[in-house]
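Asker: Each protein sequence line maps, in turn, to chains A and B. Residue numbers for the first sequence follow this note's numbering, beginning at 1 and rising by one. Residue numbers for the second sequence follow this note's numbering, beginning at 1 and rising by one.
Quick caveat, the hints were computed from the structure, so don't treat them as lab data. Keep in mind the model is a prediction, meaning the values are calculated, not measured. Check before you lean on any hint, since a few could be wrong.
[To be verified] With a straight-line Cα cutoff of 27 Å, these simulated BS3-like cross-link-like pairs (lysine-lysine) come out:
#, chain 1, residue 1, chain 2, residue 2
1, B, K151, B, K336
2, B, K336, A, K29
3, A, K28, B, K336
4, B, K424, B, K336
[Stated by the list, open to error] Computed, partial: chain A to chain B, Cβ under 8 Å:
#, residue
5, D99
6, T106
7, I109
8, K117
9, T134
No residue lacks a Cβ here, since even glycine has one placed at the ideal position from N, Cα and C.
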Amino acid sequence: MTTIRTFMTDDHRRCDDFFAEAEQAIGKKNLPAARAAFGHFRNAMLAHFDCEEKTLFPTFEAKTGMRMGPTQVMRMEHGQMRALLDDAVDALEQANPDDFLGLADTLLIMMQQHNMKEENVLYPMCDQHLAGETPELLARLETELAEA
Amino acid sequence: MQALLSFDKTPPFAAPLRFFITAPLFSLAAGLLLLWVGPDLLASRWTPGLLAATHLVTVGFMLMVMLGALIQILPVVAGANLDNPLAVARWLHAGLAAGALLLAAGFLLGNGALLGTAALLLGLAVATFLVASGRALAGVPSTSPTIRGLKLALVGLAGAIGLGAWLAVAIARGWAVALPSLADLHAGWALGAWAGTLLAAMAYVVVPMFQLTPGYPARPSWWFPGVMLGLMLAWGLAVWLDAPQGIRLAQVLSALLGIAFAVLTLRLQRQRRRARSDVTYRYWQLGLASAILALAMALTATAWPALADRAGWSILAGILLLVGGFMSFIIGMLYKIVPFLAWMHLRNRGGPRSPVPSMNRLLPEADAQRQMLAHAVALALLLAAVIAPDWLARPAGVVLAVASGWLMVNLLGAARRYRQHLEKLDREAVAA
Chain A
1 MTTIRTFMTD DHRRCDDFFA EAEQAIGKKN LPAARAAFGH FRNAMLAHFD
51 CEEKTLFPTF EAKTGMRMGP TQVMRMEHGQ MRALLDDAVD ALEQANPDDF
101 LGLADTLLIM MQQHNMKEEN VLYPMCDQHL AGETPELLAR LETELAEA
Chain B
1 MQALLSFDKT PPFAAPLRFF ITAPLFSLAA GLLLLWVGPD LLASRWTPGL
51 LAATHLVTVG FMLMVMLGAL IQILPVVAGA NLDNPLAVAR WLHAGLAAGA
101 LLLAAGFLLG NGALLGTAAL LLGLAVATFL VASGRALAGV PSTSPTIRGL
151 KLALVGLAGA IGLGAWLAVA IARGWAVALP SLADLHAGWA LGAWAGTLLA
201 AMAYVVVPMF QLTPGYPARP SWWFPGVMLG LMLAWGLAVW LDAPQGIRLA
251 QVLSALLGIA FAVLTLRLQR QRRRARSDVT YRYWQLGLAS AILALAMALT
301 ATAWPALADR AGWSILAGIL LLVGGFMSFI IGMLYKIVPF LAWMHLRNRG
351 GPRSPVPSMN RLLPEADAQR QMLAHAVALA LLLAAVIAPD WLARPAGVVL
401 AVASGWLMVN LLGAARRYRQ HLEKLDREAV AA
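Work out the full structure: start from the sequences and follow the hints.
Answerer: Encoded structure:
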């Protein structure tokens with residue numbers, strides 16, 4: 001059976017794929033391809049953040065009553081990653097590959113340590129507390145990710 | 001649940017940073033020791049100078065960074081928060097630093113009182129850490145090979161330090177014990193059950209995530225730490241029962257296990273999807289190649305014990321494993337950990353839109369690349385010095401000291417830029 005953990009983890013890996021494409025394009029000095037690939041990556045990331053902030057986190061908070069706990073930290077880190085995504089877009093617009101690579105490195109580590117906390121701690125908690133409503137919740141998350 | 005609610009408690013930067021900044025001083029000291037003592041240091045595995053230098057590297061450098069990094073990493077990978085990370089860091093850091101120096105001095109001077117004091121200090125410092133991390137990990141289920149690996153590595157650490165402290169006391173008191181086979185066992189626990197298992201547990205996470213490789217296969221990753229610990233227990237039992245065949249079997253199997261892990265990691269890294277070969281990746285490659293060679297040498301020596309008796313064979317393997325392997329993995333990871341933590345603390349301090357220098361501005365890649373070159377030259381010279389000690393022992397010591405000092409300069413540079421930016425943020429906050 002698909003769990004929240006496996007479903008959301010798969011989406012993390014999908015974002016990783018887009019990240020790798022963007023970085024490889026810039027490595028080949030192909031700026032237009034890098035802009036396009038980074039655009040895909042940014043859209044995938046923002047869609048992931050949105051479906052968590054609008055659907056997964058509120059459901060978890062309503063069920064557990066934990067409003068100021070892990071979900072709050074995750075929201076704060078989403079904010080930091082949104083800022084890094086914007087900075088990286090600026091670096092690409094200004095055709096500054098060095099700044100872009102530095103930001104991409106920072107973003108990758110930020111993103112992966114964030115993913116680790118979600119995949120090892122928060123998603124298992126979601127699976128534990130939201131077991132009864134998982135199928136409907138997953139259907140909603142899937143629709144939201146597909147629509148983005 | 002308590003650990004989960006305080007999910008965001010990132011330890012203050014000062015907690016891990018003190019370990020990272022001071023660790024290179026100890027490998028620098030090992031280099032200076034080689035310069036001072038000269039070719040005689042490399043005459044056998046058991047010279048006082050080599051025992052001192054080895055422990056400066058393993059306790060002063062490796063253990064120092066590994067425990068400092070764990071204070072930082074336990075909350076992230078396992079959701080396990082130490083109750084008071086800054087206090088634990090202070091005591092642990094002081095105990096490790098003093099313990100490593102006393103241990104080296106004790107070996108060098110053949111002074112039993114110093115060895116005994118070092119054993120006591122290191123035992124207490126590590127026990128403090130084990131209690132603190134054990135409490136933090138107590139309620140955490142082993143939901144991933146990394147969490148399980150971490151827990152078993154801590155058991156390995158307890159065994160390695162326990163054996164080491166006991167050996168130090170035995171030497172200090174002049175007890176009649178089988179020193180060579182117990183020292184081998186201590187090294188097995190320290191490098192296999194502790195450092196190797198910790199490395200694997202971390203690699204399961206950092207290799208796929210940061211180098212964008214395929215993941216490690218689930219089943220072998222799950223079993224690796226347990227099998228390694230089991231082999232070390234079997235090795236200990238064989239020493240206890242005085243069964244040389246059993247000892248050799250455990251040594252062969254644990255070396256093969258280590259080689260399998262390193263070869264698998266090399267294969268995964270070949271499939272990486274990152275565009276650049278950055279310094280961390282290159283350090284990993286150097287580390288894996290050195291570790292495979294070192295373990296293959298250990299394996300050969302177990303199959304043909306005559307080789308192990310040849311002067312130099314085990315010293316070469318030891319240099320490859322410690323300076324080529326573990327030091328490389330550790331330095332490579334430090335070059336990501338330190339600038340990232342600096343960036344993250346600056347980011348948390350400033351407002352969401354305030355500009356923060358990116359990682360490659362906090363610690364420039366070019367500086368790290370040059371330091372890596374120095375480390376690689378130090379490794380090559382150290383290996384060559386075993387073969388031609390009269391010519392090369394002292395130059396090798398100098399280059400090891402230079403490479404270590406350079407690492408420290410690079411890390412201090414990142415800390416200085418962090419501080420400068422922090423002051424700027426504070427000034428802006430006052431102005432606003």
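Asker: Taken at face value, is the distance from the CA of K336 (chain B) to the CA of K28 (chain A) at most 27 Å?
Answerer: Between K28 (chain A) and K336 (chain B) the Cα gap is close to 23 Å, so the pair holds against 27 Å.
Asker: Regarding the hint that T134 (chain A) lies at the interface with chain B, is the smallest CB-CB distance below 8 Å?
Answerer: Not OK, violated: T134 (chain A) not within 8 Å of chain B, min 17 Å.
Asker: Checking one constraint from the list: CA of K336 (chain B) to CA of K29 (chain A), max 27 Å. Satisfied?
Answerer: Judged against 27 Å, a Cα distance of about 24 Å means the pair holds.
Asker: Check whether the Cα positions of K424 (chain B) and K336 (chain B) lie no farther apart than 27 Å.
Answerer: It holds: about 24 Å lies between the C-alpha atoms, which stays within 27 Å.
Asker: Once the shortest beta carbon distance from T106 (chain A) to chain B is found, is it less than 8 Å?
Answerer: Status holds, d = 5 Å.
Asker: For a C-alpha distance cap of 27 Å, please report whether K151 (chain B) and K336 (chain B) respect it.
Answerer: OK: K151 (chain B) and K336 (chain B) at ~24 Å, within 27 Å.
Asker: Does K117 (chain A) pass the interface hint, meaning its C-beta sits closer than 8 Å to a C-beta of chain B?
Answerer: holds (6 Å)
Asker: Does the closest beta carbon of chain B sit nearer than 8 Å to the beta carbon of D99 (chain A)?
Answerer: Holds: closest Cβ of chain B sits about 7 Å from D99 (chain A), inside 8 Å.
Asker: Quick check on I109 (chain A) please, does its C-beta sit within 8 Å of some C-beta on chain B?
Answerer: holds (5 Å)
Consistency note: the structure conflicts with earlier hint 9 alone.
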